[in-house]
Structures are given as C-alpha cells and as structure tokens.
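Number of protein chains: 2
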Amino acid sequence: MPTLRRQGRDRVISRLFDAIKDIAASYDIKAIGIGCPGPLDSKKGIVLSPPNLPGWRNVRIKEMVGKRFRVPAAVENDANCAGLGESVAGAGKRASSMVLLTLGTGIGSAIVLEGRLWTGKGGFASELGHVSVDINGPRCECGNRGCIELYASATGVVRRMKKASWSKAALTAEDVFRNAGRGDKKARKIVDETAYYLGCALANIVNALDPELIVLAGGMTRAGRGFVRKAEQIMRKRALRESSRAVKVTVSKLGDDAGLIGAAWRAKEL
Amino acid sequence: MPTLRRQGRDRVISRLFDAIKDIAASYDIKAIGIGCPGPLDSKKGIVLSPPNLPGWRNVRIKEMVGKRFRVPAAVENDANCAGLGESVAGAGKRASSMVLLTLGTGIGSAIVLEGRLWTGKGGFASELGHVSVDINGPRCECGNRGCIELYASATGVVRRMKKASWSKAALTAEDVFRNAGRGDKKARKIVDETAYYLGCALANIVNALDPELIVLAGGMTRAGRGFVRKAEQIMRKRALRESSRAVKVTVSKLGDDAGLIGAAWRAKEL
Numbered sequence: 008m009p010t011l012r013r014q015g016r017d018r019v020i021s022r023l024f025d026a027i028k029d030i031a032a033s034y035d036i037k038a039i040g041i042g043c044p045g046p047l048d049s050k051k052g053i054v055l056s057p058p059n060l061p062g063w064r065n066v067r068i069k070e071m072v073g074k075r076f077r078v079p080a081a082v083e084n085d086a087n088c089a090g091l092g093e094s095v096a097g098a099g100k101r102a103s104s105m106v107l108l109t110l111g112t113g114i115g116s117a118i119v120l121e122g123r124l125w126t127g128k129g130g131f132a133s134e135l136g137h138v139s140v141d142i143n144g145p146r147c148e149c150g151n152r153g154c155i156e157l158y159a160s161a162t163g164v165v166r167r168m169k170k171a172s173w174s175k176a177a178l179t180a181e182d183v184f185r186n187a188g189r190g191d192k193k194a195r196k197i198v199d200e201t202a203y204y205l206g207c208a209l210a211n212i213v214n215a216l217d218p219e220l221i222v223l224a225g226g227m228t229r230a231g232r233g234f235v236r237k238a239e240q241i242m243r244k245r246a247l248r249e250s251s252r253a254v255k256v257t258v259s260k261l262g263d264d265a266g267l268i269g270a271a272w273r274a275k276e277l
Numbered sequence: 008m009p010t011l012r013r014q015g016r017d018r019v020i021s022r023l024f025d026a027i028k029d030i031a032a033s034y035d036i037k038a039i040g041i042g043c044p045g046p047l048d049s050k051k052g053i054v055l056s057p058p059n060l061p062g063w064r065n066v067r068i069k070e071m072v073g074k075r076f077r078v079p080a081a082v083e084n085d086a087n088c089a090g091l092g093e094s095v096a097g098a099g100k101r102a103s104s105m106v107l108l109t110l111g112t113g114i115g116s117a118i119v120l121e122g123r124l125w126t127g128k129g130g131f132a133s134e135l136g137h138v139s140v141d142i143n144g145p146r147c148e149c150g151n152r153g154c155i156e157l158y159a160s161a162t163g164v165v166r167r168m169k170k171a172s173w174s175k176a177a178l179t180a181e182d183v184f185r186n187a188g189r190g191d192k193k194a195r196k197i198v199d200e201t202a203y204y205l206g207c208a209l210a211n212i213v214n215a216l217d218p219e220l221i222v223l224a225g226g227m228t229r230a231g232r233g234f235v236r237k238a239e240q241i242m243r244k245r246a247l248r249e250s251s252r253a254v255k256v257t258v259s260k261l262g263d264d265a266g267l268i269g270a271a272w273r274a275k276e277l
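Residue numbers (the numbering used here), protein chains in the order written: chain F, 8 to 277; chain P, 8 to 277.
Hints may be right or wrong, so weigh each one.
Which copy is meant is left open, because identical chains are indistinguishable; a pair holds if it fits in one copy or across any two.
To be verified - EDC-like, lysine to aspartate or glutamate: derived pairs with alpha carbons at most 16 Å apart: (1) K51 / E249; (2) K196 / D182; (3) K192 / D35.
Calculated from the structure, these hints are not laboratory results.
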C-alpha cells in the first residue's frame, strides 16, 4: 500500500492498523516488524522526526503497534530493513558482509556484517549518503558539504541536469537516463558524472569496510547495467588494490520487497 | 626495540627471533601475537608487500614464528593491533564501539565493533586514511585522490607547511606544531587547516558508523589538546546531529604500547 503521508500522521497510522487487522484475520501473527524512515530510536521504537514524514515527531510506534495487537514489535530504519532483506533473502544471500545503497530521492544505506546489521551506538549508523566526497562542495540540507547524496541521488541527477540545460521544465531522473540512452549529449554527461561520483563513494566504502559485496538499489540502477558497470570501474580504479579486487558489485534482487522482508526478519529476531 | 628495517628482512626476522627467545627463557609462552605493517593476509599470516618494510614480499611470518617456537601465532595489521589494544585495555575500555585513527607518517586506523575488530572480507578493512574527502583533490600514492592521509598525517602537515613557506629546510610535524604554539602565523594556519580536514574526516566516520568513541593517536594528538578539540568541533558541526551529539572523542591512553597489547590480545583470542 502507498503511505499517503500527506494525509497526516493519524490517518497513516489508522490505515496501518487496518492493514495489520486484515492480515491478522487470516494469519496468526507472532510479531510485527516495522520499517520506517529515519531518524528513529530503534531500541525504544520511537520515530523521531523524519523529514519524509511531515507531522511525525517522537511517535512511539513500537509501543502503539505492540499494545494494539498484543505481540512484540520491532522498529528499524527502512534502509536498514532493505539491506537486511537483501542479505537474508536477496542479492546478499551468500555474502558474509554487504553494503546496500539505495539511490532514490535521497541515498539510503545499510551495513550488514556477518549477517547482522551494524546500526551503531545509537542506531544512527550507515548514513552513507551523507559521507562527503568533497568537503568544500555544495551545502547539503544535513549541514555538511559535498555529501554523495547531492550527486548520486535521483534528486541530485535532476538538479544537475536542470542546471546544465538551463531548464525549469518538470523532469525526473528517469527522463535523464532515457534521454541519455537516446543519445542526448548533455543527459549522457550527467549520467556519466553520476556514475563517476557514485564510483568514488564506493571506493571510500571499500577502503573503509572491505565488504564482500555491494548491492545497489533504486530506479537508476535498474535503468541500465552500463551505469552500474561504469561506477564499478571507477571504484576499482580508485579503491585500494587488495580490497577492490575482491569486492563484488551487483544490483538489488528484491526491489521494493527488500524492506518488507527485512522488517519481518527484524521481528523474527526478537 | 626499534625495527631497524633498513638492515633488511632477514636481519629483522633474526633479531625478532632472538627477542622472543629471550622472553621464552623467563616465561612460558602459550601463543605469539604479531603486529605488522600492512597490507597482509592476516588469516594465512602472510606479510604481502608493505611499503614500510622494504624487501618484504609474501613473507609467511605466522608459519615461521609458529614453527620455530612451537606455539600458535596470530598476525594482524599494526593499526588494527593498536585499535584492539586501546579497546581492551586503554581509552576504549568502556566503549562498545570504537574507531582509532593514528596520525603518523600515514594514517593508520582500526574499527572495533562490540569488542571485536572489523577487519573486512579479506582483512583489508579500516583503511580510513584512504577515504577521500576531495575526489578532485591531489593524487595519493594509493591511486586515489584527496585521501585524508594527504592532509592530516604528519607527512601531509610537513608537505603543506613547506609549500606555504616556500621552504626546503628540513622540518617535522613537531616543528610545525611548536612554531604554531609560539605564534608563527603560517604554522598556525597549517595546524588549523589540519584540524579542519581531520574534523571533516571524523564527520564521515561518524555518519557511516555511529561509533560510541573515536580515539586519536600519534604525536600530533599529543602536541596539544587544542588541535584535537578543534577537530572535534568541526566534526560536531558537520556530522548528523543524532550521532554526532553522542560520540565521544579522546586521545590514546596506551601510546606505543597499544599495538603490543593488541597483538598479545590477538594471540589470546586464538
């Protein structure tokens, strides 16, 4: 179901409860896993104040769901859920360590080490979209500069395309990739640059973590193997030889289901 | 004992064996832990070809030491040993997760998560000195560009100071810090810039890993609390609020002993 977040917090939650009720009518629910945009306190199960969920502030979603349905509930960042999903049932099934990057409106990411999410001391780890690749670069909404999210997210692609073409027309990252595929030179350049930035960010990840596998997800990675392959080449050129030779790069297997499966897994782990 | 690496591989190894023999005369040795410059294959215990150990190439040090003294031996990257040492017996004793950065000739680093080193799929993880903070920056010997090691290592400080002062005189990072302390404006600027670069790199680490603690080691961090404090301020300004508020930054407690203790711990874990 779509979130329909613009209908406001209470409406989203009541629709969520209805959906669980429907499932509970046919299945015996033992636990409920909730994937949700961050930042959130996953231990206490509190949604703090996600920029993507207007009106949500300190919502004790774990407690609310747990009480209502009288089963234990787990709450986890949606990107972490997607990473866990790919790790247990998708592209990372055979990998001992894996990093997931989802290139969407922003860049979501997850770090899975030996089958377990690394969520950090406070549950705020793996914000790899806000690793800066140019500390003197443009300002990011997060307060930092040159975050990779500014370059390699769908939003970043559209922003850079509009700037390059002096255009104010409505445009999506899909349009840019389609135009590049049709031979539009400006769009081609934007796509190539995006692969370059992404490759540089992957090199940083590989040097820092030496993971077995990197999984790329989101519309842009489905738009063409060429884009992913180019980013991979840049990474192998930039990262240290020992780790970059061994790391594998692939695309998501589960697509939008990854987050659902990961959230369910989180509940199973309770 | 100093390594005296210029005397060549065989001489270094024979002096190492003599040292162990001396200890074995007074103590009952159960296992031997070896900390060594990377890159190395820590599982097989093979020193690959460290730039800091000329003449060493594919040396099976674990096998050599183990056979000679008939005890199990463990081999680990020296920066990882230092991180493990600080974690089990030093500044990180009470932290559940810790990142160590040693600012020396290069930048060594270690990632300790829940008391265990994260060494990566092939043992090459935590090369945080080669995380780029400016992908269009100056070329690094590793093949990448803008690695933080170029800015915040002792070598980087000296290089930048020489460039700023048009000087070819012999100079150490210690000199630069001492001159800055005495009010030399150019030196002051280099030290401040170094803290800035280091702070930006710390922000990347915090956003990626949300560790409980960051431990800084090496001569420069002993040169003045002001330098470390400034880097810490930059980090807190740049990193995401949730994780940067919670992370602690401190300096090494064990100094040069950290690596010895960490190597011994590695042997204990066998």
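Results of checking the hints against the structure:
In this homomeric assembly, K51 and E249 come within 16 Å of each other (Cα to Cα) only across copies, at 15 Å, whereas the closest approach inside a single copy is 40 Å. For the homomeric pair K196 and D182, the shortest alpha-carbon distance inside one copy (14 Å) is at most 16 Å, but the shortest distance between copies (47 Å) is not. Taking the shortest Cα distances, K192 and D35 never come within 16 Å of each other, neither inside one copy (56 Å) nor across copies (72 Å).
Consistency with the previously given hints fails for number 3 only.
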